[in-house]
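Residue numbers (our numbering), protein chains in the order written: chain P, 7 to 328; chain V, 88 to 601.
Note that these hints are calculated values from the structure, not bench results.
Facing chain V, according to a computed beta carbon distance under 7 Å, are these residues of chain P, among others:
id	residue
1	196
2	201
3	203
Below, simulated SDA-like cross-link-like pairs (lysine to any residue); rule was C-alpha separation at most 20 Å, straight line:
id	chain 1	residue 1	chain 2	residue 2
4	P	257	P	178
5	P	257	V	203
6	P	325	V	164
7	P	325	V	111
8	V	122	V	95
9	P	325	V	165
10	P	255	V	185
11	P	237	P	109
12	P	317	V	188
13	P	237	P	104
14	V	167	P	324
15	V	212	V	188
16	P	325	V	107
17	V	497	P	324
18	V	292	V	323
19	V	340	V	566
20	P	255	V	188
21	V	205	P	179
22	P	317	V	234
23	V	596	V	566
24	P	325	V	168
25	V	538	V	556
Here are the in silico distance ranges between beta carbons for each label pair:
id	chain 1	residue 1	chain 2	residue 2	range
26	P	94	V	475	35 to 43 Å
27	P	177	V	439	39 to 47 Å
28	V	487	P	306	45 to 53 Å
29	V	204	P	92	29 to 37 Å
Ideal placement from N, C-alpha and C gives every residue a C-beta, glycine not left out.
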Amino acid sequence: MYETLILVLDSTVRLSTPLLFACLAGLYSERSGVVDIGLEGKMLGGAFAAGAAAYVSGSPWIGLAAAILVSCLLALIHGYASITQRGNQVVAGVAINFLAAGLTILLGQAWFGQGGRTPQLDKASRFSEVTLPFADSIQDVPYIGLLYSELISGHNALVYISFLAVPLTWWIIFRTRFGLRLRAVGESPAAVDTAGISVGWLRYRAVLICGILCGFSGTYLAIGQSAGFIKDMSAGKGFIALAALIFAKWKPVNAMYACLLFGFLDAVAIRMQGQEIPGIGEVPVQIFQALPYILTVVLLAGFVGRAIPPKASGIPYVKERT
Amino acid sequence: MNAQAHQGPAIELKGIGKSFGPVVANKDIDLVVGKGSVHGIIGENGAGKSTLMSILYGFYTADTGEILISGKKAHIPDSKAAIESGIGMVHQHFMLVDTFSVVENIMLGAEGGAMLDKGIDDARKELKRLAEEYDMHVDPDAIVGELPVGLQQRVEILKALYRGADILILDEPTGVLTPAEADHLFRILDVLRNEGKTVLLITHKLREIMHITDTVSVMRRGEMVATRKTAETSMSELAELMVGRSVLLEVEKQPAKPGAPLLKVENLNVKDERGVMRVKNASLEVRAGEILGIAGVSGNGQSELLKAISGIEKAQTGKVTIGTHVIDLTGECDAAAMRDYGMSHVPEDRHKMGLVNAFSEAENSILGYHREPKYSKGLLLDKEFIRKEAMERIEKYDIRPPSTELKAAKFSGGNQQKIVLAREIERDPDVLIIGQPTRGVDIGAIEYIHKRIIEMRDAGKAVLLVSVELDEIRSLSDRIMVMFDGEIMGERGPEASEQELGLLMAGVKNTEAA
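Bound-form chain V, shown alone (with noise of 0.2 Å):
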C-alpha cells in the first residue's frame, strides 16, 4: 500500500508475556510493525491492548520475551527510556496538565537545561515548525484545560514529536472526538505515514481500522489471534476474531409501533453549579413503542438533561409528564418519586451513579429499590431473597462471573452494566431512560445490551436514550435529536446519512447551505 511500508520492522514484539497475580494479560505475543505503516491493533476491552502498549511504552515491565526496534534489542524499563528509544504515546486519558499553558505542557520533561526561559523560547520554534510540518497548529500560550479535547489530543501528539518520536501510539484516540476530528486525526495521522513515522492505533471501532491502517493485528483474551493485511480483510471478519464468533453489527428491529406518549419534557432549562445554562429550552417526547435516541458530542448537555429528566438535579424551568403524573422539575422531585411514576433510569456514568463498586453483586441489584416491602424481613434486609433474585437475574442476563458475592468492582465493564440494566429494566418500567449504554463495554455485550434495549421498545414501552456513539443511535434509534451547547439542534429520522448528523452535532443548523 505505501512504499515505505516494507523496509524492515520498526518493531519486533517476540513471546512477550505479562501476569497480574493469577490473570493473564498477556501470553506469549509475537507482533511485527512495519517501519512507515499505521498499524491497528483491534480487540475487545479486557484483550491484553492496553497492557501490551503499556509494556512498550514502559509502563509496565515484560515477565518474558523480547523488544526489537529498529531490529535492535530494546530494554524499557521506564517511560524514559521508552522516549529514548523514539516511542511517545498518546494515552486515552490525555497525560496533560490542565493548569499549563501548550508550551509549557510541550516541554515537560524535555526543558533543554535548568533555566526555563531559553527552553522556552525553543520549544516555542518548534512547535511552530511542527505545526507546519504537520499541519497541527494550536496556541502556544493556551491553557491546556481549555481547550476543546480535540485540540488537547493534538497537544499530545505534538508532545511526542516534540521529543523526536518516530513511533507514535495512540490508544482508543477517537474516544473523544466529533466524527468531523476524528477525521481530521485521520489525516494528520496519513501525513505522519507519509513522513515515514510508525502509528500504532489501537482501537475496538473496526469503522477505523478499514479507513485508515495498512495492516491490523486482533487481540483476544491476552493473545494475538491474527494479523492481515487491511485491503484483504473486511470488518466481518474482524469482528468474528475478536469475539471468536460472527457477530451481527448491524441491529435487526421491526419497524417501531409508536403508541401513545408515555414520556413528555417541556421546557427543559438547567443550569449547572458555576451558572452556566447547560440545557435550553429542551422538549421532547416519547411514545410507546419507540426509542428516541439523543445523540451529540459529550459535554454538549446530554448530561445535565439525564440528571434534570431523572430527578437527580433540579432544573430552572421545565416539567415532565410521566404517563399520566405531571411532575414539576424545578421543585419537589427527586430520584426515587420518579421511579415510583414508573421511569427507570441506567445512569450514564455506572460507577459513579449506576453502582456502589464496592457492594456486593446483590447489593447492587436492590440499589435504589432496597426499601420495598420484598426485600425486607422485619428490620432486616432479606438476604436469602435477595442472592435468590440476584441469581435469577444473573442466569437471564448472562453475568459473569455468576457470583452474587462478588464485589461490583471485580465485573468486567459489559458485565457491571448488565446489572445495572437487569435491575433497571426487571423492574418493568413505563419509561427508560439510558444514558451512554455501552460505554466501555466489549463487542459481545454491547450486542446482548442492544437486544435488551429492541426488546424494551418492542414491549410497548418509552425508550430515551442518550449516547455519544453515533453508530448506536443511528442503529437502535427510531428518531433522533441531536444536541449541541444544550439546544436541541433538530430531529430526523434513523435513515440521516452521518454528514448529516455530524453537522448538526457540530452546531451547523441549515444543512442544506453546508
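With the rest of the complex left out, here is chain P (with noise of 0.2 Å):
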C-alpha cells in the first residue's frame, strides 16, 4: 500500500512538471496583463524543436535551447499582435496554437519523414534520470529510504528545476522592483505609464519569460519524458496549465499545487488502468481519463470562490485619456 502510494505521489510529480512550467509561464504574462491562450502551441513548438534539435546535436541541453528559442518567438508574435498591435490576446493565442500544431506536423514530415514524430532518441540526447547522493545506500531504509529514492531523488533536472522555479518566480513577484512593476501593469498599466515607466516593453518582458518558460515545459514532454517529439503531444496540458493558474489566483505557489493536484489525478488515471474497484468492478479507463477535466470544470465553476484576475488582462493599453 505504502509502495503503491510512493509510486503514484512519484509520477504526480512527473506528470506535473511540463503543468507547472506552463503555469508558472502564464503567471508572468497575466500578472502582465497579457491573457495567453497559447501556452499549449508554445509548448507544443518548444517540444519539437527539443525533438529535432536534440536529435540533429545530440545533446538534450541543445534541444532544451533550441526549444527556448522557438517558444520565444512564438511569444514575441503573440507580443507583437497583442502589445504593440493592440489586437485581441485571446485570438492572437488561439492562432499560436494553430500555427504551432500545423508547423510541427508540416516540418516534423518534410525533414524526418515519420508521419510528424521527430526520430527516437537515444539515452544520451536525452534528460535522463538524477540519483541524489545516498539514494542507493538508503534504499532499504523502511519508509524513509523508499520516500527518498523513488519520490525525491530519481527525476531529471528539468522536474528539480520546474520547482525551484516556484520560490524563485515567488520571490521575483513579489521582491523584486520588476516584480512590483510587473504586478501593477497588470492592474493599472495608466498607472505605470504615468509613473514613467514603459507599458510596452514591460509587458513584452513578461511575455519572453513566459516563452522562456513554455520552452522548459515542451522540453520535458518531448525529451524528458519522452524519447521524441510526437505530433499533438501537449494533448491539452497548456490549457490545463491555464486552468491551474485561475484555480491558483494567479500566485506562484498555489499555483504548484494546483499543478500537483492536476498531475495526482493524472497519475490516478493511469493506475487505475485495467485494475478493479472492489464492489464496482472494472472501470472504464476514459472515466479516470475524464477526470482531470471533470475536475477543471466544477472547480472554475464555483469551488475555488472568486478568482480575480489582475484587472488589466485582456485589455490592450491604449495611451489615451478618457
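Take the two lone chains, each set in its own frame, and fit them into one complex as the hints suggest.
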C-alpha cells in the first residue's frame, strides 16, 4: 500500500512538471495583463524544437536551447499582435496554437519523414534521471528509503528546475522592482505609464519570460518524459495549466499545488487502468482520463471562490485620456 | 498676494499647438505660471485644458511651441521626462493600483534599486516625513482600493511629492470630494504654496478658482483667452470669458406650486450583489409641480435608489406609487413597465445606461420606446419618421452638430445629455427621475438643462433630482433630502446652508450639536 502510494506520488511529480512550467509561464504573462491562451502552442512548438535539435545535435541541452528559442519566437508573435498592435489577445493566442499544431507536423514530416514525429532519441540525447546522493545506500531503510530514492531522487534535471522555479517566481514577483512593476502593469497600466515606466517594454519582458518557461515545458514533454516529439503531444496540457493558474488565483505557490493536484489525478487515472474497484468492478479507463477535465470544470465553476484576474488582463493599453 | 509669487516663472509655455486629426485641441497657447503660486486654469469641457496639461506631463507631444521649466527649455517626450523636470500630476481618474498598499503605490517607478526591501523602508520613512511636513497622514499599509476617494487623492499628491515634484498639476481634483474633503484639499494646497511649490489647478468650478488661486487663466475652444489676478476678477467675468457670453449662475425660477403627490416611495431597501445594504428604509414623496433634490456624496446609495425606483433592479422591500398605480418593487416590475405608468428616467450614467454609443443619434432618440407602433412600418422600423422626429428634437434642444446619423459617441457630453433629455422629456411623463443631469456637461448646456428641468416642474410634473453637485441641488430643488450610507438623513428647504447640508452629507445627523 505504502509502495503504491509512493509510486503514484512519484508519477504525480513527473506529470505535474510540464503543467508547472506552463502555469508559471502563464503567471508572468497574465500578471502583466496579457492573457495567454497560447501556452499550449508554445509548449508544442518547444517540444518539437527540442526533439529535432536533440536528435540532430545529440545533446539535450541544445534541445532545450532550441525549444526556448522557438517558444520565445512564438511569444514574440503573440506580443507583437497583442502589445504593439493592440490586437485581441485571445485570438492571437488561439492563432499561436493553430500555427504550432500545423507547423510541427508539417516540418516534422518534411525533415524526418516519420509522420510528424521526430526520430527516437538515445539515452545520451535525453534528460536522464538524476540519482541524488545516498539514494542507493538508504534505499532499504523502511519508509524513508523508498520515499527518498523513489519520490525525491530519480527525476531528471527539469523536474527539479520546475520546482525551484516556484520560490524563484515568488521572489521575483513579490520582492523585486521588476515584480512590483509587473503586478502594477497588469492591474493599472495607466498608473505605470504615468509613473514614467514603459508599459510595452514591461509586457514584452513578461511575455518573453513566458516563452522561456514554455520552452522548458515543451522540452520536458519531448526529451524528458519521452524519447522524441510526437504530434500533438501537448494534448491540452497548456489549457490545464491555464485552468490551474486561475485555480491558483495567479499566485506562484498556489500554482504549484494546483499543478500537483492535476498531476495527481492524471497519475491516478494511469494507475487505475485495468484495475478492479471493489464492489464496482472494472471502470472504463476513459472515466479516469476524463477526471482532470471534469474537475477543472467543477473547480472553476465555483469551488475556488471568486478568482479575480489582474484587472487589466486582456485589455490592450491605449495611451489615451478619457 | 504671496511674497514668493513673483520670483520668476516656474513654467512658461510659448505658442503651444496640438491637433488630433482635423480637431484643433490647443492653438498657439502662451502661459506663464509664477513660482510658488496657485494658478488656476478654467474652461468648459473640451476647451483644451486637459490636453494642455497632458502635453506638460508628457502624455502627448505638442505639434508646435516650446516649454520652459524654471527658465530652461525643456523637452518632455514622456512622463518620465516630466517627472525628472520636477512635474507631478494628480489625474482626474487616479493613476493608482487598487490592489497595492499605499507605500507600494508611492514607490512604483521610484523604487530605489532592483530589490524592494530597502526601498520599502526608505519609502516608509519619506512618507512619514512628508505626512508631517504637509499634514497629510495616511496609513502606509492600507490597500488603496479600500480607501475613501479623499485619501486616494492624498496618496496621489504624496506620490508626486515623493518624486520630488516642485510643480503639481491637479486635474479636476474636487469632482469626487465632499465639501469637507475639498476644504481639506485647499488647506493642503495652501501649505504647498507656502513651501514654495507651484500648483496648477484645472477645474471648471468657478468657486474653487476664487477660493484658492492667485492667478487664473481662462481657456475657450483650445485657446487661452485671458489671464487675470484672482483678486482683480469676479465669478461672473470668468464665467463670461469661459463661454464667450454672460451666463446665469443662479437659476431663475418662480416659487413652486405643489399639487397632489405623483410619486411615492415607501420602505425601500436595496441590497447589492455582494449582499451589502445600499438603501436603508428610504421613503419619499414628490408632488406635482415640485422638484425634490437628493444630495449626497457619490456612492451613498443614490445609484441604487435610482435603479430601484426606475425598475432597473429589484429591491428587497418597498413599493412605489406613480399617480394611482401601486407597484411592488420586489417582484415583477421592469423599466419598461415603469415607463408605461408615466415615469421617465434620465439615468446618471449616460454612457452605460442612457445611450448606446455606437448607435446613431436617431437610433438613440427612440431607445426604450422603439416598440411603439408609431416608429414601425409593418415589421420594420419607419426610418423616415424616426429621422424626422429626431431632427425636430435636435432643433428644439439645440443639439450640436445637428446630425441624426452621427454616432452618439461623437457628440460632446453636453449634447449627449441633451439627446437623452429630449428622449425622456418629449414623452411628456408625469414623473421625471433624473440622475446627475450635468455630470461632464459644459456650462452652456448646464444652463439649458436646468431650464428644462424647471419647465417640467412648472408644467406640473413631479421631478426627482439626484445629484452630487450641491450647488445644483440647492439652486434647483424645492425640497432637499440628503443621503448618507443608504439612509435618508433628513429633509431641508432650499435655503439650508451649505455647511448644514455638508454635515448631513458627512453623516452627522444632529446639526445643532455640531
